[in-house]
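> Residue numbers (this note's numbering), protein chains in the order written: chain Y, 1 to 342; chain G, 1001 to 1326; chain B, 2001 to 2295.
Please keep in mind that the hints were generated in silico from the structure rather than gathered at the bench.
Note that beta-carbon positions come from the ideal geometry of N, C-alpha and C, so glycine has one too.
Keep in mind that a hint or two might mislead.
DEER-style ranges, computed between Cβ atoms [what the hints assert, rightly or not]: (1) Leu2035/B - Thr79/Y: 56 to 64 Å; (2) Thr2118/B - Thr1184/G: 33 to 41 Å; (3) Gly1274/G - Asp243/Y: 28 to 36 Å; (4) Thr1184/G - Asp243/Y: 25 to 33 Å; (5) Met2275/B - Val87/Y: 45 to 53 Å; (6) Thr1184/G - Asp226/Y: 45 to 53 Å; (7) Thr308/Y - Thr2118/B: 37 to 45 Å; (8) Gly1022/G - Val2128/B: 52 to 60 Å; (9) Asp1020/G - Gly75/Y: 52 to 60 Å; (10) Leu1309/G - Asn3/Y: 54 to 62 Å; (11) Ser159/Y - Ala1293/G: 16 to 24 Å; (12) Val1263/G - Asn3/Y: 28 to 36 Å; (13) Glu267/Y - Arg1173/G: 53 to 61 Å.
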Amino acid sequence: MENAAVKFDHVKKYFGKRQGLFGKTSLKAVDDVSFEIQKGEILAVVGESGCGKSTMAKMLCKVYEPTEGSIYVNGMDVTGHTKKKEVKRFRKEVQMIFQDPFGSLNPAHKVSHIVGRAVELHYPELTRAQVRERVVELFETVGLTPAADFMEKHPNQLSGGQRQRIVIARALAVKPSILVADEPTSMLDVSIGIDIMNLMIDLQKKEGLTYLYITHNLASARYMADRMVVMYAGSCVEQGSTDGIIESPLHPYTVLLLSSTPEPFREEKLEIHAAEDLPDLTGDMNQCPFSGRCPRASDRCRREKPGTYIIGDRQVKCFLYEHAKEGDGPLVDVSIYQGKEL
Amino acid sequence: MENREIVLSVKDLNVRYTADRGEVQAVTNVSFDIHKGEFFGLAGESGCGKSTVAFSIMQLLKGAARIAGGSIQFNGRNVLAFTKEELRTFRWEKSSMVLQSAMNNLNPVVTIGSQLMDAILAHEALPRRAAQERARELLKLVNIDPARIKAYPHELSGGMRQRVVIAMALALRPDLVIFDEPTTALDVVVQYNIIRRIQELKRRMGFSVLFITHDLPLMLEMCDRIAIMYAGRMAEIAPVERLLEGGAHPYTRGLLQAFPSLVGPRKELRGIPGSVPDLITPPAGCLFYERCAHRQEDCLLAPPALEDLGGGHSCACRHMLSKEVG
Amino acid sequence: MKKETAARQKSDGYLMLEKYLLKNTRAKAGLLILLFFALVAIFAPLIAPYEPKDISFMPWEKPSLAHPLGVNSYGQDIFSQVVYGTQVTMAVGVMAGLLTSFIGIFVGLLAGYKGGRTGEVLMRIVDVFLVVPTLAFMIVLAAFLPSMGIWNLIIIIGGLNWLWMARSIRSQTLSEARREYVDAAKVQGMGTLEIMFREILPNIIPVVTANMVMVITSAMLTEATLSFLGLGDPSLISWGQMLSVSFDNNAILYNAWWWMLPPGLCIATLGFSFMLIGNSFLDIYANDRGGAVKL
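The shape of chain Y in the complex, shown without the other chains:
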């Protein structure tokens, strides 16, 4: 707790959704999620679209406020703060790297202005020359050298990879301790994206930054992070060490996600066929969200929400592990899923 840079404590986010002419229901985008990120750690959040991972990122950046629960940043509860000063202090701690390097830079400004403005906003005491000096320094930090070649350009004169570096420079300008990266490489070619990931890892090592790294790609989560959280339909179904989860997934959804990820170098391939429909996130969910697709679901899974069960460094939300202990050996032989219609 003391060391946690970020702590989500039973965080929920419901969006109001109109139904019919008068009715109103709520969409449970994030439903009771808890996790911690230690200082200087990269935590990956993995899941498919609509699982709530971007909503989590936006809550951590205070674009949305949680409906329930608290978010702690460096031990401080940041939920509900709306005073300008407090929000500004918070912004100095948490910054964001966006998914779309084309949309997240204002095409109307020069990149030196974009990065310089971020410096000015949080360090108003700096002179113009000092701001400029800092911008040059930031450009060099993110590998845009010589900085002079890039400063006076507009975003549309740069390539996707260069733009994403500007986005990172802008985030660093504030000198944050925590970076939220929402699929930062999904819109780039791999040969470019991997260098962006390397840059992020470098910054973590050199500057001790903490990351919440959001991705739909398990392989990139493994590359970036030591620990990860697997999300499904707004709930955190499994969390633990990246290697542990990828080597022996516990939750049936993790098994499905893992076996669906293309990996030509895998020795044996599980063939699982799954229904594609995501559960309806608007009703009262008194059941496991995955129960509709799960081959091992029992009646209980459809009546009751599973709690979080802790097995060693792993946490999993599935009744199968209710009585499991650490060192039980391989808890579930994944081959039982072979050829199953999930």
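Go by the hints and put chains G and B onto chain Y.
Just chains G and B now, with coordinates in the frame of chain Y:
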């Protein structure tokens, strides 16, 4: 493999298009063959010309783009010389195409059943009854409950809509189906289902597939042979097994090494430094020279030609890498 | 390298100018007409042969060399009146247009960016005003005001013309506010006003410009209408005022076409020029929304 019947043969294809600043050499001297029943992949990063090749085959190039040379033979007949009527039969009946955004291009106010029937009836004189029966069969083929024939597109999930589009593409039992990033906008679980379905249908119906994507791991998992394009030119064409060993072209090698993996030791990966050259004024030598880790002086002479190495493998590089290197 | 980029940027700006104006015949024609009237307004004292209110000539005199557009019933030189009228018409048009634009931009940006309750309330207010017949409302307003100086005219016209502009800017802002750079600005800690005016506004400039051109036209036409209806400032000479006076003095019965036609034609031509410019801007902008042009 070489004795198998060739369905599609592209030879020295050149595509140019006019931009404000000059003529873009979008595709230059691209050649490849697709055999009957083959699952052929066309990979490359954005702007490498892979989609342009697909559109050239279907004769769907638009606006400023034009074919500046080369030939495209389909079952031994020259596609480029087709009359309007021949082209109409060729598209859809002989070969069809599924695009990334196709699932969003279904007509929102017409049921999927009618759209399937329209596709069938446009090319075959059938009684409506029979066409409807065919539509049901097609839905079953792509694993959609035929009872949903009366569903409107918005009532289906993204993955199901994409499967409807695939069903439409298969409606007239074409010999070749081109998939241009068909699963890029979809989640992995859905993608996996669709890919498996395509593979199974291919096995059952015997068509050939030209599959275009930037997702190399996906391609390595499902294709028989893969062509890798760079800056409008063919870099390498190789059977998957050969690529899994590393590929012979430095670009292929770099690309393969840039993908994080789920298995094996966690090691640091490196991207490919630099960026793609300007295709309006391309450099005189190998287009990959600036970014290549294995470049030598003679690479600057002229762009290397695609060299046949046997066994369905060919590569355009003067200093091909052996399996052990790198 | 640096030199090269500088040259490139210059050509970018030039390309835009070319795209919006030089390549577009309609915009070019509109701009030429506008320029002509602007010069006339500025150099009115040099161009006009007589004082516009000077009544020392023979009433109802037909056009002649001394009086190119004849003389009106009071013995005033019509050509001089048309020339001076340009000043008033353009001043009212531009000032009222600017006022309209200012309100329209502010309300549109605020409603579009803030959304939620603020946006909803603002737009409902706009809707209410939109169903009120503006001209009738102005007439009533003008009738109630003790005197109708040029400033009152500008405020009335400007204050009531911004509704459509606010709507159009709001819808542009709505789509712009969904883009990620706006989220980025928020996360950085930029204030609402900075996001509205420094982040969003530069990206919707073409729509703003096109709208401004439209409201200036409409302000000029409204001024003419009000003056024609006798609700303007009688001491000012504007084209609408001239029409109104000619109408009151039965110019039609005297067949004095030289009195009625010139101000009418001037209003039509100037309005037409603004329409040309505005429409061509909007056309170009609409065609560019595909992303071909980056501003």
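> None of the hints should be skipped; say for each whether it holds.
Hint-by-hint comparison with the structure:
1. Leu2035/B - Thr79/Y: 56 to 64 Å: About 59 Å separates the Cβ atoms of leucine 2035/B and threonine 79/Y, which means 56 to 64 Å holds.
2. Thr2118/B - Thr1184/G: 33 to 41 Å: holds (39 Å)
3. Gly1274/G - Asp243/Y: 28 to 36 Å: holds (33 Å)
4. Thr1184/G - Asp243/Y: 25 to 33 Å: For aspartate 243/Y against threonine 1184/G, whose Cβ atoms are near 28 Å apart, the range 25 to 33 Å holds.
5. Met2275/B - Val87/Y: 45 to 53 Å: This hint holds: roughly 47 Å between Cβ atoms.
6. Thr1184/G - Asp226/Y: 45 to 53 Å: Hint violated: Cβ distance 29 Å, outside 45 to 53 Å.
7. Thr308/Y - Thr2118/B: 37 to 45 Å: Because 41 Å falls inside the window, the suggested range holds.
8. Gly1022/G - Val2128/B: 52 to 60 Å: holds (55 Å)
9. Asp1020/G - Gly75/Y: 52 to 60 Å: For glycine 75/Y against aspartate 1020/G, whose Cβ atoms are near 56 Å apart, the range 52 to 60 Å holds.
10. Leu1309/G - Asn3/Y: 54 to 62 Å: holds (56 Å)
11. Ser159/Y - Ala1293/G: 16 to 24 Å: The hinted range 16 to 24 Å holds for serine 159/Y and alanine 1293/G, with Cβ atoms some 20 Å apart.
12. Val1263/G - Asn3/Y: 28 to 36 Å: Holds, since valine 1263/G and asparagine 3/Y (Cβ atoms, about 32 Å apart) stay within the stated range.
13. Glu267/Y - Arg1173/G: 53 to 61 Å: violated (37 Å)
In summary, the numbered hints that this structure violates are 6, 13.
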